Every structure is written in C-alpha cells, then in structure tokens.
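In order, the protein sequences belong to chains A and B.
Sequential numbering from 1 applies to the first sequence in the working numbering.
Sequential numbering from 1001 applies to the second sequence in the working numbering.
I should point out that these hints are in silico values taken from the structure, not numbers from a laboratory.
Because the structure is a prediction, the values reported are computed rather than measured.
Among the hints, a few may not be true.
Said to hold, decoys possible - Below, a sample of chain B positions facing chain A; criterion: calculated Cβ distance under 10 angstroms: (1) 1057; (2) 1115; (3) 1187; (4) 1190; (5) 1191.
Glycine included, C-beta positions come from ideal geometry on N, C-alpha and C.
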Amino acid sequence: MSRIITRRRFLIGSTLTASALGLSGCDALVESPKVQSILKIAEGMTMKTQRALIGDDTLAREFTMADISPTFRANGTSMPDGAQYQDLLSRKFSTWQLEVGGLVERPTKLSLAALKAMPSRTQITRHDCVEGWSAIGQWTGVPLGAVLNKVGLKPEARYVAFHCADEYEKTLDGSGWYYESIDLVDAFHPQTILAHSMNGRDLEVPHGAPLRLRVERQLGYKQAKYLMRIEAVADLSGLYGGNGGFWEDRGYEWYAGI
Amino acid sequence: MENIDALTHGIGGRRVLIRRHSLTVRLSHWLNVLCMTVLLFSGLQIFNAHPALYWGQYGADNDPSVLSMEAVEEGDAIKGKTRIGGLSFDTTGVLGISNVDGEATARGFPAWITLPSYQDLATGRRWHFFFAWLFVINGLIYMAYGVIARHFLRDLLPAQAELTPGNLRHEIVDHARLRFPKGEKARHYNALQKLTYLFVIFLLLPVMIATGLTMSPGFDAFAPWLIDLFGGRQSARTLHFITASALVAFVVVHVAMVLVSGLFNNMRSMITGRYAIDIDDLTEVKP
Chain A
1 MSRIITRRRF
11 LIGSTLTASA
21 LGLSGCDALV
31 ESPKVQSILK
41 IAEGMTMKTQ
51 RALIGDDTLA
61 REFTMADISP
71 TFRANGTSMP
81 DGAQYQDLLS
91 RKFSTWQLEV
101 GGLVERPTKL
111 SLAALKAMPS
121 RTQITRHDCV
131 EGWSAIGQWT
141 GVPLGAVLNK
151 VGLKPEARYV
161 AFHCADEYEK
171 TLDGSGWYYE
181 SIDLVDAFHP
191 QTILAHSMNG
201 RDLEVPHGAP
211 LRLRVERQLG
221 YKQAKYLMRI
231 EAVADLSGLY
241 GGNGGFWEDR
251 GYEWYAGI
Chain B
1001 MENIDALTHG
1011 IGGRRVLIRR
1021 HSLTVRLSHW
1031 LNVLCMTVLL
1041 FSGLQIFNAH
1051 PALYWGQYGA
1061 DNDPSVLSME
1071 AVEEGDAIKG
1081 KTRIGGLSFD
1091 TTGVLGISNV
1101 DGEATARGFP
1111 AWITLPSYQD
1121 LATGRRWHFF
1131 FAWLFVINGL
1141 IYMAYGVIAR
1151 HFLRDLLPAQ
1161 AELTPGNLRH
1171 EIVDHARLRF
1181 PKGEKARHYN
1191 ALQKLTYLFV
1201 IFLLLPVMIA
1211 TGLTMSPGFD
1221 AFAPWLIDLF
1231 GGRQSARTLH
1241 FITASALVAF
1251 VVVHVAMVLV
1261 SGLFNNMRSM
1271 ITGRYAIDID
1281 DLTEVKP
C-alpha cells in the first residue's frame, strides 16, 4: 500500500513540477543543445522512411496548364545586388557561365546558350514553401544528371552543391551567401532539372534568372536560384556552416521532403 | 437513500475498485497528451509562418484565402483582423496582432500558445516532426493492442441496444443535466463516450496524420492519391487546421467531463487503472 501512495505522490509531484515550469520554461527547453540534438532524430527517420517508400525515380505529381497559379510568389531574394550580377543582367546573361567543378573528371563552364541547346525536360509541378503556401508553375531545363554525366563524377563524390549569386544575409564573414546541396539520388532524379524557363518564358529575375534548380520532391528552399557554380563534394562539412544549405545552417532540415 | 443502502449492505461493502484501464491504454493516453500538446503548440508556430489558409492545389499571397489573420493599419492604430470567408473580425491582442514583451507584434496566434513563444519556424518544425513520429508510433501500438486485446470490440463498440434513438436521447439528456451512470452501468463507457472515442480514434486522428502527410512533397510522390482525396495540398493544410480545431474542442469537452464526473476517480483510473463504482448488491461484485 505504501508503495502505491509513494507512486501517487510521485505522479502528483511531477505533474506540479511540469505545470510550474509552464510555457515560460518551454523556451529554455527549446534552446537546450541536448534537446535539439534529440529532436534531429526525426529528420533521419523521415528521410529513411520516405526514401524507402517513394523509390529513387518515382516522379512528383505533374499538373496541367490549367492548374498553373495565376501569380507565382517569388520568395527570398528578388534581385541580387552586387556588381557582378548587375553586369551579367545588363548583358542579358550572354556572358554568364555555369561553372561545374569539384570532384569531377572534366571541370566545365557552360553558357546559357549551351545549356539551352542540350536536351531539355518540361514539367508542371507544385512548389511548396516551408512556410506553408504553394504555387504551381511550368519549368523547362536541362536534367542535372545529363550535366553531371557530361563532366563525369569522381567515385568519391556524394553530394552536389549549388552556389548562388545572391547574398541573402549580409554578414561580415560572408556566411550569408545562398547555397544548397542534394545527394546523388536527387541529383539523378528525372525531374531534377536546371531550369532556364518558367511558364514558357526565360526565367525572370525574381524567380532566379538565368538558372535555378528544381528538386521536385522537396520544399521550396532547396530550389536554389541564381545558380553560378555547381560543385561535386564528398561531404558537406566544408561548405559555409557545414549543414549543406543557407537555411540548413539556420536550423532547417537538410532533407526537406516534409 | 444512501444511508439506508449503506445500512442494508453493511459499511465498506458498497464502494469497489474495478480495473478500468489497462497499462497499455494508460501509457498511450498520457503519451498522447504529451504529443498532442506539443503538436498543437508547435503547429500554431508553423501556421504563424503563413497565417492564411486556402482551398485547392495551390495558394499564396495573391490567391483568395478561406481564412487569414492579418495586422491592418486603421488610421493611427494597427488592428488584428481575422477573416473567415466573407466575415471579418477584430481580434486585436489575440489573433493577427498581439503583445510580445509588451510590444504589439504582427503574428497569427499569440506568443503564449506557440512553441517556441517567439517566431522560429525551424524550431517549431523540429518539435512538430519529432512528436509527430512519437504520436504515430504510439498510435500504431495502441491500434495493434486495441485489435489484439479486443479493447475496441469489448470497450468501444456500442451494442445494438445502445444505439436506439430512445437510448441515445436518454443519454444526451442525462449528459446535459450532468447526471452520470452509477453502479453497474458505470462499469462500462456509455454510448456517447463510445461513439465519441471511436470518432476521435478512427476519424479525427487518422485524418490529422493523413492531411499532415499530404503537405509533404516527398510523401505526395509516394501516395499521390492522398492529394486527390483531400482535393489538393492547400485543402489538406486547411483540413489539418480544421481537424486540429475539432480535436481541441474534443479535449475541452473531455476535460470538462472528467472534472464534473469525478476528477479524483477519473484521474486515479487513468493513472493506476482502478476506478471506484458503487454497487447496490454485494453479490454482484466482480473485482
């Protein structure tokens, strides 16, 4: 009997402690590094489960012309500043070149004309922002896999990183440049394209002119805009904050499938 | 009456503790309390990143919304406006605009109901998805137990006789008058409880998970039929919100019923498993 009372006392005691901590205590809990590292278990579980369920080459839903959003909201940077981008823009990107390097056999530079001359894929897909809104648009571009096959990945390459022309957060150490990364499963997915056109026209500046990435089974922040350089890497720790992307360095999941 | 009964049957023989909730039910219940609390507060944090809801496949700033919470300038003042369809409400101080550290701040839901209290979508998502996993695993274990241990058949499936209009009307009237079953009748859930729990377990909670998964671009590639089932990702997001609201309403009524029908006895039964009932005839006692 005394054991039961002790247990009941314990239960009442812990309930009181929990309510005394209240919501104000939640923020302290939220900021604990140990709690944060435990919560990150969920990202790995989500990625492993989704990858096992989906299958590497399964396509994201494609829509029809009638489904396209009347206005496609532009998010993040809508006009990169900096003299280099302004110069490229003023020449209508005729002097722009996409650098493809890192762990590749034949580092290459590709002009916009050269990219447009390659076989392309057109897809009407839904863009899901991490904030919750969605927009549907039509994208035309070169499958990333074709570009990677052209330059030849070295065997140690595991990820493909995308370096962008926009410094989204001004910092003293330059850690605010936008970048993203995906693994080879997504890099060689048929819908993963380097899009140069949207809704049948050349990509506009707010949407990432002259070239943006489309990774259709992940959220909006993976769809890096204003691409300047593609780099094949063995791991992500050497890039900026080491988490594989601008938003990933600011706490968001690297696997943005949900 | 009570005194006479007590005299007739002798003292101490009238009140018996029966085994009401199994350990699995008790554990899954309290884990669910934890999960649903965190999921609600972190969910409102996620909602606040874009405090508007749409219907259909797409929806963003320039598309018509079915619900929105905004901070609107009116003359010198900034007001919180909540719009549902064509109706607009002034919700200053609570929705659309509320105080954060004494300063009026534009945000959907107020700081005291979001996790974390300040605007931080990344952290809200981390908490939401961790506890979503815990919630799903807990739910699967409960479902398996419910079938194998015949918990659903034995405790939750109403008998034909309980579903007659007469009985249901009688139970609704009793509930409204806060008259709860006593004696042998208190051994089991009444029909209203059974129907409510079945509705929550087999409809609201699965819809919550399914609409949540429909918002995932990865899961959509695996199960595009979910997008069709809910009429689009933005419809799924709206249904996620509506279903969450329904669950909050359920919890409010549930907790109120726990309070008015005997807080101590109910809490004891969900913590230790033992529930006290009054028995008129000692020969009926089957502990």
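Results for each hint:
no.	hint	verdict
1	1057	holds (6 angstroms)
2	1115	holds (6 angstroms)
3	1187	violated (22 angstroms)
4	1190	violated (27 angstroms)
5	1191	violated (31 angstroms)
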